[in-house]
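From first to last, the protein sequence lines stand for chains B and W. Residues 17 to 678 (my numbering) make up the first sequence, in order. Residues 17 to 678 (my numbering) make up the second sequence, in order.
Worth double-checking, as some hints may not be accurate.
Identical copies go unnamed one by one, so any copy, or any two together, can satisfy a pair.
[Stated by the list, open to error] Straight-line distance between alpha carbons at most 20 angstroms, and here's what the computed EDC-like set of lysine to aspartate or glutamate pairs gives:
| id | residue 1 | residue 2 |
| --- | --- | --- |
| 1 | K49 | D547 |
| 2 | K123 | D153 |
| 3 | K118 | E353 |
| 4 | K99 | E576 |
| 5 | K358 | E122 |
| 6 | K119 | E353 |
| 7 | K200 | D36 |
| 8 | K49 | E488 |
| 9 | K357 | D134 |
| 10 | K152 | D162 |
| 11 | K124 | E353 |
| 12 | K666 | D484 |
| 13 | K200 | E29 |
| 14 | K412 | D545 |
| 15 | K530 | D547 |
| 16 | K119 | E80 |
| 17 | K432 | E336 |
| 18 | K666 | E227 |
| 19 | K76 | E98 |
| 20 | K432 | E29 |
| 21 | K49 | E576 |
| 22 | K262 | D593 |
Read the hints as simulated data drawn from the structure, not as lab findings.
Number of protein chains: 2
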Amino acid sequence: MGDTNGRKRVVIEHVNPEIDNGRFPVKRVAGEKVVVEADIFADGHDSISARLLYRGPDDKQWRETPMQFVENDRWQGEFIVEKIGIYFYTLTGWVDHFRSWKKALEKKFEAGQDIGVDILTGIAYIKGASQRASGKDAKRLSEIADFIGRREDSDKILLLSAGDELSILMDQYADRNFATTYDKVLAVSVEQDKALFSSWFEIFPRSCSSEPGRHGTFKDCERILPGIAKMGFDVLYLTPIHPIGKTNRKGKNNTLVAEQGDVGSPWAIGSEEGGHKAVHPELGTISDFEGLVKKAREKGIEIALDLAFQCSPDHPYVKEHPEWFVWRPDGSIQFAENPPKKYEDIVPLFFETENWQELWNELRSIVLFWIEKGVKIFRVDNPHTKPFAFWEWLMKEIKRDYPEVIFLSEAFTRPKVMYCLAKLGFSQSYTYFTWRNTKWELTQYMKELTRTYAREFFRPNFWPNTPDILPEHLQYGGRQAFMMRLVLAATLSSNYGIYGPTFMLYIHEAVPEKEEYLNAEKYELKYWDWDQPGNLRDFITRVNKIRKENPCLQATRNLEFYETDNDHLFCYGKFTDDLSNVILVVVNLDAFHTQSGWITVPIREFGIQPSQSYLVHDLLGDDKYIWQGERNYVELNPNISPAYIFRIKKRLRRETDFDYYM
Amino acid sequence: MGDTNGRKRVVIEHVNPEIDNGRFPVKRVAGEKVVVEADIFADGHDSISARLLYRGPDDKQWRETPMQFVENDRWQGEFIVEKIGIYFYTLTGWVDHFRSWKKALEKKFEAGQDIGVDILTGIAYIKGASQRASGKDAKRLSEIADFIGRREDSDKILLLSAGDELSILMDQYADRNFATTYDKVLAVSVEQDKALFSSWFEIFPRSCSSEPGRHGTFKDCERILPGIAKMGFDVLYLTPIHPIGKTNRKGKNNTLVAEQGDVGSPWAIGSEEGGHKAVHPELGTISDFEGLVKKAREKGIEIALDLAFQCSPDHPYVKEHPEWFVWRPDGSIQFAENPPKKYEDIVPLFFETENWQELWNELRSIVLFWIEKGVKIFRVDNPHTKPFAFWEWLMKEIKRDYPEVIFLSEAFTRPKVMYCLAKLGFSQSYTYFTWRNTKWELTQYMKELTRTYAREFFRPNFWPNTPDILPEHLQYGGRQAFMMRLVLAATLSSNYGIYGPTFMLYIHEAVPEKEEYLNAEKYELKYWDWDQPGNLRDFITRVNKIRKENPCLQATRNLEFYETDNDHLFCYGKFTDDLSNVILVVVNLDAFHTQSGWITVPIREFGIQPSQSYLVHDLLGDDKYIWQGERNYVELNPNISPAYIFRIKKRLRRETDFDYYM
């Protein structure tokens, strides 16, 4: 029994968002809202008041905003995060005797009961507030108490008691002596805009040469920047740029023995020419790389590097730090394996080493090295094969000094492991989108991402393909399937990316019975003719332009689903809070046949009356239609277009609309 | 970076049960199981092992039981709580290199790969375990390592590696150096059996007189004990037994002014004759009361007292402790009100008093006083109008020395407040059952109670009626409605109770337009003729007998719902884990008409093949039927019986059944 504890009557529980009991922060980008809800209640019938407290990176003390009662003891408040860094929030609530009094007074007055003594009680509350206030507020409260005390005009007393002026003052100087403050302080990690809205283009820099057969360079990458910018991408992700090991180098099509001239997998990092802080000599120099970063930024493009914390057997670490690797009883080094599969060109780092702290520090120094060279975005290779504690530490260390840095988790693994990594700090994550095809699958998955607690910490980045994955539907669905998957990725998720040149050219030859590319770029030098007939550059450009011009597509959590009467037609929408931007997407999930049906447009949500017509503008085909009512007919021939991306506008007002309209 | 933290690779999260982050214990009675689940995983592909740790009230150290992998990184373990008191549990998990090795070895062997070096690795693991072991286990492990090392017979080596003997030893002496232990220790509050399974009978002791007009006594209560025991009740709950105030005493039908001879509401506690530690002189003496408790216990009945922490204006506390009450500015005492309603015969205690600690201590002394007189069960009146912190403290204080004491929360209020009280320690709670009538309402509510987190802490006690509530369906549904509601209460919930005599005699005259009894017993002396024609004693007796003879009805969480094609037929069932006791209930929710339809019996769940016939024995009507298959026809005429309570038995085996059967 503390001194005042027994008199704290308010309970605050079930706060949302709160990830794993506040163990992890929720995520936002600057300018986003944090809506906080909680069950807040007290014993008995007294009224209560509650405040949301929050604090930004530069704030010395809490800011306060009132919480509103929603229903069933649920309260809600919100604040905007304005700056990159860590915000904190918590809640407080108290039994508000003045409010209880006001409510009771009104009821008694209505019931015609005597309120003489009640008025005296109220005066005491107001005088108490006056004592807690100072200056003109104190004076005004005291005046009000005196006026009520004179009891000259009971109607006026009631008006004054119920009025805004007194309410605001009493709120401001409420008696919070026995307030309950929530026992946890929760955090929001606020990141730069690209954490939420980004369009990625992945390339193998060595394949960017302007002529077939020549090894590409950073200079070649500079050459293609305008084309990438024109298509509307703002992140250019380079597969690893480091020296590639020679021992056990893989040949074309992942063969065990490389032939003369085989370039090997860029993920087999490290040779006598250096490790994770070196660049492959044929790509150019560190200074060339810095030049590329600079040039890209001028075009609005960030260069993303691949953080693959693993080594080729030739990596300098192997000699310098043998204790960072597993050595088998026969004295050989343990290469990567997932029995019976073997990856002989790669040796994993041994995180259970006694020198784990030294190892962690070295890996951090790699990240810092590239940050110094201008890199702000890292795509992390297989983070799920390194300890969780390591990632949490690393990202905290980096973000402390470089809060603008973004990490993308390339964990294609079990759901709980993927979520765990996201909670630990990854800004974005690869997803199962790559294998979600039917309306049911897509709906279920999108609901999981946008309506469960994952929405607060797991920011999806949707990839229709990657160098490792050519999914079945792209193997067989033709050019139309690539277009359909692009529209889905780019409109369902505000972050998306493509494994660029192969996607643009809808490369779809796979290793038989596998979801792997035949003659994969991973193991050989490629030359891509971006202007090859049938290429998807224009289509991609159009989709990215739509994303850029429609703010509602620059978020993911705002996704809504709409009914269709045909399972091949997938209909969904996004809109801004103020309804100034409303997008409705209809995708034909069947890449082979024309599909048609009726979709249900939630016009009331959009502020449109059933009697009003409204304009729908298909931003993809640039056609305009005038619709009326909820149900409307659509037809999509995949050979013409895989989807409609409708922008919905209320029509210009006519005089006769006014009655319905305001 | 702690010394070994960076090498702890296992994550344990989303433990269930865990109420509000472990802030509150889950509830069980002795002999029940606690099934614990958690997401447990590590980075990479290594195998892991996990243990559930638990500790009873008398245990000096943790006991361990292995957890089993379920699916999707979910693990499960369980333990039985055997003693009344507090149990604790937590979890631990580690990367199990020996298990990973064993799995890899098998895969490599199957793929025909060389396992020479792997065997050396395995030997090192086994030798490590041998060093952690002692005695004959150490010796045996060392022998096995040596045998494998000799490599004489690779088939035998593989057999040995995969065999039980080595697995058990390696499990026992696993390397748990980098084990992760869950960061919270969770609690189980284990209570006496009646917390889970009890049948309550509520009486006004003053109305138990053997002749009309005479004030009943504790001796009269003794007289009716055999009748109550015969009906199968095991808790006799007495409305408050204390002196009743005279100031503002309510008259019959809650009138403001009592007439000569009016007895007043027993909840207006306290007069010059004493307060909460005194008994109403007309009921007898404290010693009479102790006699009643003893006699009841001999018949298997516990006496439950009403803890109503409120006073009449005449309560001795008002004079002795004026600071425990609210005084209005005009010097009058504040009586209870919920504007515009007023309860002039009651003054609430002021829990915000500066002397709150003294007040709390005094209230505790009341509970201790009655415990000394033999009371083990308290029905707490309106707990939601006293601070939550008080209840948590009080019940902890009491349970520390008297863990067998049961508290029933009479909080008919908002859902979150009811749940909060249950979490704080109430063993049982009043519910919304009283107003849940349709199949949809009952199903939704039962799902909330048995399938959400409420199942772990909120033990419902179902009351078809109370002295305050005569619900509409009992006002109009006749005798049949009483029978129907009794069956529902007694079979849906393992704890249930009736406001006894009025229920037995299906008293159903209400104040017009209200759910209150006309001429309520609360305000007047009553005489009930238990043998009045049409009384429900036999029916009640039968239902309680069925409850007593069928263990599956002695729990609530085991409820399952079954389909019917008629919305008036509500079908549900319960069964024991071992299927030795299976009950299927079909209730006709329409008290006015015969209803019929097809029900779906989940025969496979009960271990019955579609080709088998099975015996269903209606324990209510004592009829037997032989059914076959899932779908079966039922018809219920409310004038004959409101329900079937089928006990389902597989038929005696015939030889031809054997194939299907075992």
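Hints and how they fare:
1. K49 to D547: This pair counts as neither: shortest intra-copy Cα distance 43 angstroms, inter-copy 68 angstroms.
2. K123 to D153: neither (28 angstroms within a copy, 79 angstroms between copies)
3. K118 to E353: Only across copies: K118 and E353 sit 14 angstroms apart there, 72 angstroms inside one copy, limit 20 angstroms.
4. K99 to E576: Answer is neither; intra-copy 28 angstroms and inter-copy 52 angstroms both fail.
5. K358 to E122: Between. Shortest inter-copy distance 15 angstroms satisfies the 20 angstroms Cα cut-off; intra-copy 79 angstroms does not.
6. K119 to E353: Between. Shortest inter-copy distance 13 angstroms satisfies the 20 angstroms Cα cut-off; intra-copy 71 angstroms does not.
7. K200 to D36: So K200 and D36 pass the 20 angstroms test inside a copy (12 angstroms) and across (12 angstroms) alike.
8. K49 to E488: For K49 and E488, neither the intra-copy (39 angstroms) nor the inter-copy (47 angstroms) Cα distance is at most 20 angstroms.
9. K357 to D134: between (82 angstroms within a copy, 15 angstroms between copies)
10. K152 to D162: For K152 and D162, the Cα distance is within 20 angstroms only inside one copy (15 angstroms; across copies 90 angstroms).
11. K124 to E353: between (79 angstroms within a copy, 11 angstroms between copies)
12. K666 to D484: Neither. Shortest intra-copy (45 angstroms) and inter-copy (56 angstroms) distances fail the 20 angstroms Cα cut-off.
13. K200 to E29: Both ways: K200 and E29 sit 10 angstroms apart in one copy and 18 angstroms across, limit 20 angstroms.
14. K412 to D545: Answer is neither; intra-copy 42 angstroms and inter-copy 77 angstroms both fail.
15. K530 to D547: Intra 29 angstroms, inter 81 angstroms, cutoff 20 angstroms: neither.
16. K119 to E80: neither (25 angstroms within a copy, 56 angstroms between copies)
17. K432 to E336: Neither way: K432 and E336 sit 36 angstroms apart in one copy and 61 angstroms across, limit 20 angstroms.
18. K666 to E227: Close neither inside one copy (52 angstroms) nor across copies (80 angstroms); limit 20 angstroms.
19. K76 to E98: Classified as within: same-chain Cα gap 15 angstroms, cross-chain 53 angstroms, threshold 20 angstroms.
20. K432 to E29: between (25 angstroms within a copy, 10 angstroms between copies)
21. K49 to E576: Only inside one copy: K49 and E576 sit 18 angstroms apart there, 42 angstroms across copies, limit 20 angstroms.
22. K262 to D593: neither (55 angstroms within a copy, 62 angstroms between copies)
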